[in-house]
Every structure is written in structure tokens, then in C-alpha cells.
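K.L.:
Take the sequence shown: its letter number 307 is residue 307 in full-length UniProt numbering, and every next letter is one higher.
Honestly, the hints are just simulated from the structure, not real lab data. Heads up, a few of these hints could be off.
What the hints assert, rightly or not - Taking lysine-lysine and the PhoX-like style, the derived pairs with C-alpha atoms no more than 20 Å apart in a straight line are:
1) 249 <-> 275
2) 355 <-> 405
3) 358 <-> 405
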Amino acid sequence: MSEFLWGSATAAYQCEGAWNEDGKGLSMWDTYCHSERNEGGISGDVASDFYHRYEEDIRMLAKSGQNAFRFSLSWTRIIPDGVGAVNQKGIDFYLKVIETCRRYHVEPFVTIYHYDLPESLYQKGGWENRETAVAFAEYAAVCFEAFHDKINFWTTINEPDYESMCGYIVGNYPPHVHDVSRRSKALYHMLLGSAMAVKIFRDKQYNGQIGLVYTPSSVQIRVDNEAYRQVAENAELYYNTAVSDVIVKGWFPEKLIAKMQASGLNLDYVKAEDKAVFQAGIVDFLGVNSYNRVLVKPYTAGESTMFMNNKGKQNKTNHASSIIKGWFETDFDPKAKYNPWGSEIYPDTIYDMLKDIKQMYGDIPVYITESGIGTYDELNAEGKVDDDYRIEILEGWVDGLLRAKAEGCNVLGYFIWSTMDLYSWINGYEKRYGLVYVDYEHDCQRIPKKSYSWYQKKIKENL
């Protein structure tokens, strides 16, 4: 197999479906999507039906020349109540997925947790409760023991930074609140749970490598003066090193702690004895989900808030925006292009991020674990999807990755989000990311898009 991993990615709740089959328990997303709060009534109950069509999907992935597949395990498919009894049918399902990957010479790249917290733990405070970190480590131990001899690449948690931000500041994910202090507490416990899991992995001396996936952004400013440079430093702490320093160096940046204390945030959940756990939880590699940069400007006024456009072109207020009180506000480049959901399309997104990581952490291995474009894909008269818009953007990002690699950045893999169309958190099914079109109205039929062929050619050129 080529040393460089070329692949694509999915997540359990977003693609599997089978939400109540074969002993699976409820996740907080099952409960939310079935509640009155879910205004559109759209859920991942069936999603892309990967649970029943995994072999077809992996076969198509391999046919395009991809040599790796990133997927997540469903916590409640393996441990239905979040803690306690293990569901063997859940274990068996993932064994079949892994075996299918191996049969098609595809490297399985496994994420243990991707947003789908067990409902039972959510009801007890979710990630704000330290016991959830303990429960996660116990769940990870079950996964390690079941699959360790078949997996070379593990990541503990997907995007603790982004999940906690959406749940506790934006408020569009459960628990739907707007509270910076509660967000900080949840993020802390997610990172603690990850460190506990890494320690178990090391103590058991399992083969393979283990990392964590986060969503760093290259922080940039449009005005070069002291005020702007200061808020850029604040944003770097908030968006990046609050996670990356912990998993690379084993503790939080002192400037971050001081800034949080000065902002009046409650840090009583931070325990002195945790530092040894974080030190033992340093990762082997960084999983980087890269979608855009972040432009910031000095804070002017207002409480901490974040807006994300989950309605696409139907939303009159298009651009995503953020205010972190006393820290920074997001800025906008009037010359930039934006997608229908208000995210900037910045050609050097991956290149800049890889150069930043190289400067901060030297040669730590990096895998781009997600990189993709959500848009309104439609079948044309010939029953095909000509997604030239996606191809143009991905081409620039991949070329930026290859340029960074040639300049000495230790990037070892690239995964497009996503393998096939799937349920997009809150956005439902209109926002499509896949290399393969899923026809939800006709039994989830798979139709490769033009980008599928583009990726096949791109991989062949760079093997």
C-alpha cells in the first residue's frame, strides 16, 4: 500500500441508518431528531443506509483508487446504554466492515466517537459531567480489545472543539445552550476522556497509532496593527491551541488559562491530578478537519454568540459569524467567495493550516481527516451529477496540500468529506458532500459524481 493515505470519510449517525436495529441503543441525536425541537423532522434513521450497503460503498471507494476509509463507531451500537453490557451484534457489524476494507485493500481509519453521545449519558449532564469522560474511556477500551489486531489507525474523538462549540455557544446541537463557561467545561472533559483512552491504549501496548481529530483554522487578520495582532492571538488560543497544545504537549496554554480567568470563567472542574492524565494522553498524530480559515478583528460589543447558517440559500442572513466577548469578533473579506451556507471558500485553507502546524509543532504527523464542500447537487437529464464547483475547490485544496508536503510539512494522508452523500447535522439531506450521489427517493441508489472520477485521476497522478 502507498505510504500516503488517499481516502474519504463518514460518521456513524450520518450514514449508517438502522437506528434501532440489532440491539442499538439511543444516542442524543436519535432523541433530538425524534423530538418536536427538530422542526424539519429530518433524521438519520435511514441516512445513507450504510448499515445494509457497506460492502457496496467500500467496493466503490476502492474502485476509485482510494486506499483508506475513515469511519466512526457508534457508541450505542456497541454499548447500548453507554456503560455496561456490550452488544455483540454491534461488534460483529464493525468486524464485517473492517474485514470488507481489508478484502478490498483499503486501510480502515477508525474514529471511536463522532458526536453521537448515548442518550443515557446525555441525561446525566453529557460532557459537562466528568463521569462521561470515564465512560468514554471504558467504551474505548472495549473497542481496542475488540478490534486492536485489525486496526492500525485510531482517533479517539472527532472535533471536541466544534461539537462543544455548536452545543454550548451556537446552540444548534444538543444541549442547545449559549454559555461559554459550560462549553469550556464540556470541552475539558472531552479532552480528558480522550487522554484517558490514549493512556489505556498505551498501557495495553496495542499495535498501531492513535490521535484525535480537531478543526483548527488558520487565524488571519486584514489589518496589521497591535490591536489586530492581539485579537489574532486570542483567536489562536480559542480555535487552535486550546486543543492542540493539550494533545501535543499534555496541558493547556498558560495564556489561555490566564485569559479565561481574566474573563471570569469558572474553572473549578480543572483538577491538579488531571495534568498527569493529559501528559499520558499525548497523541501520535493530529487528525485535522480543514474547511476554512478564520478572519478576526477587535471585539467591539455584545455577549458571546455564534451564528451558523443551517438553511443555506433560504436564509437571508448568510454569513456565519462569531463574537467571543472581550476576545475577538470574526471579520469578512469582501472579495472572498462564500458557499450557500455562508462559509468562505479560501483556496489556501489546507496549505496555510499545515504551515501553521509545522511552525508550532515541528514534524508531528498530520492527516487531513476531513476536507469537503457541501452544495446542492442534482441529477441532470442523463442521470449524472456534474459537480464542477466541488472539483475546482478540492483541486485547489489538494494542490495546496501537495505544495505544503513538498515544503516539508509532515502530512501523511487526505480524506475527502464525504464518501457518499449523508445526513448533514441540522441541515438534513439538501446539503450534499459526497463523491457518490445517494438517491434518497429511490432506495438510496448510489451514483458516482463527476468528482468521484476526478479524485480517481488525482490519486493515480500522485501515488
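K.L.:
Which earlier hints turn out false for this structure, listed by number in ascending order?
P.N.:
none
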